[in-house]
Amino acid sequence: MKIIILGAGQVGISVAENLVNEASDITVIDTDALQLEEIRHRLDLRTVQGNGAYPEILKQAGADDADMILAVTNSDEVNIAACQVANTLFHTPTKIARIRASEYLDHPELFIHGAIPIDVIISPEQILTDYIQRLIEYPSALQVLDFAGGLVRLVAVKAYYGGPLVGHELKALREHLPNIDTRVAAIYRRDRPIVPTGDTVIEADDEVFFIAARKHIRAVMSELRKLDKPVKRVILAGGGNIGRRLAKTLEKQKYSVKLIDHNRKRAQQVAEELEKTIVLHGDAADEDLLTREGIDHTDIFCALTNDDEANILSALLAKKLGARKVLSLINRAIYVDLIQSGGDIDIAISPQQATIGSLLAHVRRGDVVAVHSLRRGAAEAIEAIAHGDENSSRVVGRMVQDVPLPEGTTIGAIVRKNNVIIAHRDTKIEADDHVILFLVDKRKIAEVERLFQVSYSFL
Amino acid sequence: MQLQELISPERIEFSMPVTSKKRLLEQLSTLMHADEPGLDEYAAFQSLLDRERLGSTGIGHGVALPHGRLKGLDKAIGAFATLEKEVDYDSIDHEPIKMVFALLVPEQATEDHLQLLARIANVLNDDATRAKILGANNKEEIYQYLTNREAG
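Protein sequence lines, in the order shown, are assigned to chains A and B. According to this note's numbering, the first sequence holds residues 1 to 459 in order. According to this note's numbering, the second sequence holds residues 1 to 152 in order.
Isolated chain A (complex conformation) (with noise of 0.2 angstroms):
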């Protein structure tokens, strides 16, 4: 696939990353020579100096054979005009971009019928903000993602001991939950993952993949743990684009927020958006400050800001404190490992890994309508759907256990018409059928895609 990333900033080379691995043909525009002579020297990719709209600049980059446009610049003037002129001139098939003005995105009109021509908008504050709620929603839960629309939800979580299931074999799951149905996609045991079958013993510290409607999940991860109480009381450090959405959604809801930013200005600012949430002007490393608002009733404290080494201090200090759970963004991939070994902070966040997925879902081949990476790129969820007959696709009219899956990937649930069906191995897999699965491998990715391309003879 070809395809054209316009600017080298985060999100633009966490993808150009991703994606350079898995054999695709990019060019990255930016305006910044240096930064992308910095990115060429890492990346076997060709790289374009200039202003990422202009028909000129598009055209060097390869537009006329380019399939897809990638418009992640800080601008959302230039990403738009660039997909407008990517679209009129070289009629490019796939354009997505980044807005993140709520000006534009409060209009939604704007972009259906190919007025401003971009057929996927992303907002990763958007993701970010929702991956976190989600947290907040499953305190137990070390990842809760989405798939069917938030019909079925894949749920992390960390197997302890007084976990009825902990200790049992799978399939006692059965017995302990009849009327529940869930499907254990992978187990992580010492970091190495496991392909469960019925006859796998969970043991405590497992960490446990498992698929499940949306209703079933807090059962499910009740067999594995002693749920932790709902969160009430959440404290958010950074008013930036993410705390700032994260407190407006999460005041609506039955959740007391208090959010501290230490740039007055913002914190004015954010103030006045904000209805219920309480602003607070200060350091969130502050330890008397974090005391005096009550860190150790604290359900949850998140480090939003944009600086890893701040996000990782205040969140060991809220948790020294006595915050229940602590969770941090953090870009630096390097520093996301060093937490998650540590254990001090309950939750580490790589925004680039959650939020590649919603990119990666793109550039897939077959209809994928969901990606997942997991575990630090080496795992990934998809959600594909299965079209064709039996003679032009390899699994539609099949069973499950019939398909012919590559070796650590698990079909966890089918979607069918808003139901949800968790997989079997006699279940029948039907056209139009949204496909759950769970690679343990990414690097398995390529024969998955094959396996849900129709073939050659399907109309």
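Source of the hints: derived by calculation from the structure; they are not laboratory data. Some hints could be false.
With a straight-line Cα cutoff of 20 angstroms, these simulated DMTMM-like cross-link-like pairs (lysine to aspartate or glutamate) come out [to be verified]:
| hint | chain 1 | residue 1 | chain 2 | residue 2 |
| --- | --- | --- | --- | --- |
| 1 | A | 252 | A | 137 |
| 2 | A | 444 | B | 141 |
| 3 | A | 252 | A | 64 |
| 4 | B | 85 | A | 65 |
| 5 | B | 85 | A | 64 |
| 6 | A | 258 | A | 137 |
| 7 | B | 98 | A | 125 |
| 8 | A | 444 | B | 93 |
Once you've looked at the hints, dock chain B against the given chain A.
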């Protein structure tokens, strides 16, 4: 329906100069539009693209059969091209393609259309026919090879 009715020398291009799958599908749409001005070029391109997304129509041996349904079309229309240079097409055998037969059918595609597709595949699966087409010097010769094989 016979292949003669599906294709005409006007909708055949000899040694098409394209460098990508995207350009190829675009050019094929243009080729069909030039001979059938009523056909919406961009919609045709979009239809071919949408179908490719579900799975490549590269059938191996350097051949691709892109196809799609098109609103407002009242009969099936084909176009054919040999390529100046091989193009990567994500084919079933991972080989780049050298020739391409595009087919657009009415939105309400029928069993007949499926048969048509199978027939085209059948013709181009034949080693001797492919060799002749690749050895041709112009589109008239290609037209002969494509349609003769059918008649015989």
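Tested hints:
1. A/252 / A/137: 14 angstroms, holds
2. A/444 / B/141: 44 angstroms, violated
3. A/252 / A/64: 47 angstroms, violated
4. B/85 / A/65: Since the Cα atoms of residue 85 of chain B and residue 65 of chain A sit roughly 14 angstroms apart, the hinted pair holds (cutoff 20 angstroms).
5. B/85 / A/64: At roughly 16 angstroms apart (the allowed maximum being 20 angstroms), residue 64 of chain A and residue 85 of chain B satisfy the hint.
6. A/258 / A/137: 17 angstroms, holds
7. B/98 / A/125: 45 angstroms, violated
8. A/444 / B/93: 18 angstroms, holds
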